[in-house]
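So the sequence lines, in the order shown, correspond to chains L and V.
Using my numbering, read the first sequence as starting at 760 and increasing by one per residue.
Using my numbering, read the second sequence as starting at 161 and increasing by one per residue.
By construction, these hints were calculated from the structure, which means they are not laboratory data.
Glycine residues also receive a C-beta, built at the ideal position from the N, C-alpha and C atoms.
One thing to keep in mind: the hints can contain errors.
As a list, the in silico DSS-like pairs of lysine-lysine whose alpha-carbon atoms are at most 30 angstroms apart [what the hints assert, rightly or not]:
| # | chain 1 | residue 1 | chain 2 | residue 2 |
| --- | --- | --- | --- | --- |
| 1 | L | Lys1029 | V | Lys184 |
| 2 | L | Lys1018 | V | Lys216 |
| 3 | L | Lys1018 | V | Lys184 |
| 4 | V | Lys194 | V | Lys216 |
Computed beta-carbon distance windows for the label pairs [as the list claims (entries may be wrong)]:
| # | chain 1 | residue 1 | chain 2 | residue 2 | range |
| --- | --- | --- | --- | --- | --- |
| 5 | L | Met760 | V | Gly281 | 56 to 64 angstroms |
| 6 | L | Gly1113 | V | Arg172 | 52 to 60 angstroms |
| 7 | V | Phe174 | L | Arg1112 | 53 to 61 angstroms |
| 8 | L | Asp879 | V | Gly281 | 14 to 22 angstroms |
| 9 | V | Leu293 | L | Lys943 | 48 to 56 angstroms |
| 10 | L | Lys1071 | V | Arg204 | 44 to 52 angstroms |
| 11 | L | Arg1112 | V | Tyr285 | 54 to 62 angstroms |
| 12 | V | Glu231 | L | Lys1029 | 44 to 52 angstroms |
| 13 | V | Tyr285 | L | Asp879 | 23 to 31 angstroms |
Next come the chains, spelled out residue by residue.
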Amino acid sequence: MEKPVIIGVGMVPVGEHWRVSLRDMAVEALLNAMEDAGIDKVDSLYVGNMASGSFIEQENLGALIADWAGLGNIPAVKVEAACGSGGAAVQEGAKAVMSGLEDVVAVVGVEKMTDAWPSDATRYLAYAADAEWELFHGASFVALNALIMRLYMKTYGYTEEDLAHFAVNAHRNGAKNPYAMFKKEIKLETVLNSPYVADPIKLFDAAPMCDGAAAVIITSKEKAKELGVPKDRMVELAGFWRAIDTINLANREDFLTLKAARVAAEKAYKMAGVTAKDIDFFEVHDAFTVMAALSLEALGVAEKGKGAVLAKEGQIAIDGDYPIQTMGGLKARGHPVGATGVYQTVEAVLQLRGEAPEGIQVPDAEIGLTQNIGGTGSNITVNILRRV
Amino acid sequence: MGKPMQVARHWRHFREKYALIGGKCENGHVFFPKRPICPVCGSRNVEEYQFSGKGKVISWTIVRNPPSGFEYYRPYPLALVQLEEGPVVLAQLTDVEPDEIDFGMEVEMVTRKVREFDEDGIILYAYKFRPVLK
Ligand SMILES: [Zn+2]
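Next up, chain L with everything else stripped away, as it sits in the complex:
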């Protein structure tokens, strides 16, 4: 089956946007992407969003955003897979194009988190966990990841410092990304001296609460040619899949394997006809430092239990063998939950077009991978993008 291509990207800087609403951000990102693609209408809209109903009392985002973007009476729906909503929305858009039912599809990921009180926001994020068996007992999302981090450190003999390297790397890259929330390098000590949120996860092991929106335009190669899009502006969605795992962490067979990522990656690699070795850079879901380590293992970049070694040895830097978080990742670019997967996609496209900011362009990047996690690894999307 013919693979779809991304012909336009847009985003707004991630941050605490007190003056801007969800609809404003989404429309701005969307119009940026349409302008980038050189089009003024689309056949349908897919919105990646996790919890607008909780955060701002607004559901029905398909209608809201398509209406406010002036897209007319098109099909438009929200796609929800917790923090993995953005990556999943990209896939739904891709499938619509591949089915032949829709020619030019817009995907926008958006989340407005800072309108809520922090403890309420913490509650809303925990809605991605199992309400009866996790949140009921007072589990925050950070706490569930902390249980994983402590077990990871104990099982493989890592220290908090070993994992802190992931945050340092993310900030080093984010410092050069004008769209990142934290454009500032940090030292290991910054991470280690930050307060515990849920031991052993410290403030600087975790992605921030923030607002953001990013968008992509997906179409077929044939339609892209018809629209006059030059070949070097097309990025192919060469392989993609997603999978679930138990929603309740306690029910998982192995707490230290992101099984959903492994399954999704195997299928995506096969569809793209590549292996982990062929990938030039990885945008993994580092909502918490330990998740970056587990992701590298699940994607087949590192052996089980060795993910943190890559960070310690510097192999995840832009000039390393396995660059990750090239634009700052969730940690430094920011993690507006339902938008994150679309930001990752936009960033991968910029890398593959050779348009990444100076200092964080991966030289001669041909193939990139994005991995977007919903829940504590319960709903994971893997997308592989390739230069046409």
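Assemble the complex: chain L is given as a structure, and chain V with the ligand must be docked to it using the hints.
This is chain V with the ligand only, laid out in the frame that chain L set:
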């Protein structure tokens, strides 16, 4: 914050949450909570199973920035407890200082208050785990 009318929603689970009753399939697989399809073999022949309430801590954290509704209790320890019958449950630890918690610590189930709501006055009780008294 959750809506006031929560009585039915919580009442539904009282056997599991007060007494740690889970499920057991026809092939002898036990799991918690009970579900209609055995997560191990897929059998749909599942009955209730009473767990002993004894287990050990396999990981834990101290929740310092809780979700709204739990602020009053902060900081509180939360753990993955492996029951002696095999399954793992997530629960708060109680009657223990944070620095006393360790891998493999033997714990037993007790029934404790988990949360109060101001608006409707429901008080939620459920299992927590405390160190086994030696
Ligand atoms: Zn069974």
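Hints, verified against the model:
1. L:Lys1029 - V:Lys184: 38 angstroms, violated
2. L:Lys1018 - V:Lys216: Holds, at about 25 angstroms.
3. L:Lys1018 - V:Lys184: 25 angstroms, holds
4. V:Lys194 - V:Lys216: 20 angstroms, holds
5. L:Met760 - V:Gly281: 56 to 64 angstroms: 58 angstroms, holds
6. L:Gly1113 - V:Arg172: 52 to 60 angstroms: 57 angstroms, holds
7. V:Phe174 - L:Arg1112: 53 to 61 angstroms: 58 angstroms, holds
8. L:Asp879 - V:Gly281: 14 to 22 angstroms: Holds, since L:Asp879 and V:Gly281 (Cβ atoms, about 21 angstroms apart) stay within the stated range.
9. V:Leu293 - L:Lys943: 48 to 56 angstroms: 50 angstroms, holds
10. L:Lys1071 - V:Arg204: 44 to 52 angstroms: 48 angstroms, holds
11. L:Arg1112 - V:Tyr285: 54 to 62 angstroms: Since the Cβ atoms of L:Arg1112 and V:Tyr285 sit about 58 angstroms apart, the hinted range of 54 to 62 angstroms holds.
12. V:Glu231 - L:Lys1029: 44 to 52 angstroms: 48 angstroms, holds
13. V:Tyr285 - L:Asp879: 23 to 31 angstroms: Holds: the Cβ-Cβ distance is about 24 angstroms, inside 23 to 31 angstroms.
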